[in-house]
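Construct the complete structure from the given sequences, taking the supplied hints into account.
Those protein sequences? They're chains A and B, same order as listed.
For the first sequence, this note's numbering assigns the number 165 to the last residue and increments by one with no breaks.
For the second sequence, this note's numbering assigns the number 309 to the last residue and increments by one with no breaks.
Hint data in this document are derived by calculation from the structure and do not stem from the laboratory.
Treat the numbers as computed from the prediction; the structure is a model and nothing was measured.
Some clues are possibly wrong.
[Stated by the list, open to error] If the Cβ cut is set under 10 Å, some of the chain B residues that face chain A in the computed set are:
(1) Val178
(2) Thr228
(3) Phe234
(4) Val235
(5) Asp237
(6) Phe251
(7) Leu252
(8) Tyr254
(9) Tyr279
(10) Gly280
(11) Lys282
(12) Ser283
(13) Ala305
Every residue, glycine too, gets a C-beta built ideally from N, C-alpha and C.
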Amino acid sequence: MFVCLGISGCVTVPTGFLKPNKDYLEKRQLQIRQYDTTDQEKIITSVAGVLQDLGFTLDASETQVGFIAASKKADATNLGQVFFVALLGGANAVGSCDKSQIIKASVITKPGLDGKKTVVRVTFQRVVWNMRGEISRVETLKEPVLYQNFYDSLSKAIFLEAQQI
Amino acid sequence: MKKLRNYFGTIFVLLMIVILSGCATTAANALMSKESQVKLRSIQTRAFDTTDKKKMMQTVISTMQDLDFVIDKADFMLGSVTGSKFLGYEVVAMTVTVRPKGEKQLLVRANAQYGIKSVEDPVTYQDFFTALEKAIFLTAQQVD
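Given below as structure tokens:
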């Protein structure tokens, strides 16, 4: 028993978490787009503009390496979830329902391998808090719609910038 | 009999000391790690035959993104990139720094934390450098 206590007292660090998953190529496809321009400055200013369009605030940036990080707070309440949890577990259990979330985005732009294009890659993550104010979930977002929306807005923004609107 | 009880008492106290001190949380821990400084450096550092710091940093960022990290900060002058990712309910935070070594090489150093623990396992870092090597088409060289 003492040995158990002694061992379980400290959390052990798992291994292998810096190894790419099998689906990393798929993820790249989701997160990366290329634009036919070498004008990095135009792309990165457009990215900042789009993040603002989508309601993000910029947290950090290093334009020399083409990097921008941004975040936004959003509501995470799901009425269906609240209803079912209340039905099954009563009013107390509702505390474990999702309440709010922070969505983090990080974008990197860099020259393409052929030197004629600019590659843009975005990743989204979210942290969800429950009604008791505890962190209930943390995850990397994988919904294609989200990435599609981002790049649709970016393509529009690049066009708008080019037209000086 | 009394002597025997004393004997067990001592063992009990000693065991408690071992168990309770297993996770010491004194302020002194802030600057300490289990491995020796030299060994830790060699686990966490590799040299690459290139001087293109910008490209190296961008490759570090894309490798970290491949590994599900969201990049939180980057600084070109320091050559540092910091990112985080979630593993179950713990946060893995990692900082990678890129700096010149001599005239022809760059040193890349990664250090990761899992929750409140520093990651000191050589294989974990090797995984990262293997991924980085593939992304930049260069061989990572062990440094002493």
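Comparing the hints with the structure gives:
{"no.": "1", "hint": "Val178", "verdict": "12 Å, violated"}
{"no.": "2", "hint": "Thr228", "verdict": "8 Å, holds"}
{"no.": "3", "hint": "Phe234", "verdict": "8 Å, holds"}
{"no.": "4", "hint": "Val235", "verdict": "4 Å, holds"}
{"no.": "5", "hint": "Asp237", "verdict": "6 Å, holds"}
{"no.": "6", "hint": "Phe251", "verdict": "4 Å, holds"}
{"no.": "7", "hint": "Leu252", "verdict": "6 Å, holds"}
{"no.": "8", "hint": "Tyr254", "verdict": "7 Å, holds"}
{"no.": "9", "hint": "Tyr279", "verdict": "5 Å, holds"}
{"no.": "10", "hint": "Gly280", "verdict": "6 Å, holds"}
{"no.": "11", "hint": "Lys282", "verdict": "5 Å, holds"}
{"no.": "12", "hint": "Ser283", "verdict": "8 Å, holds"}
{"no.": "13", "hint": "Ala305", "verdict": "13 Å, violated"}
Checked against the numbered hints given earlier, the structure breaks hints 1 and 13 and satisfies all the rest.
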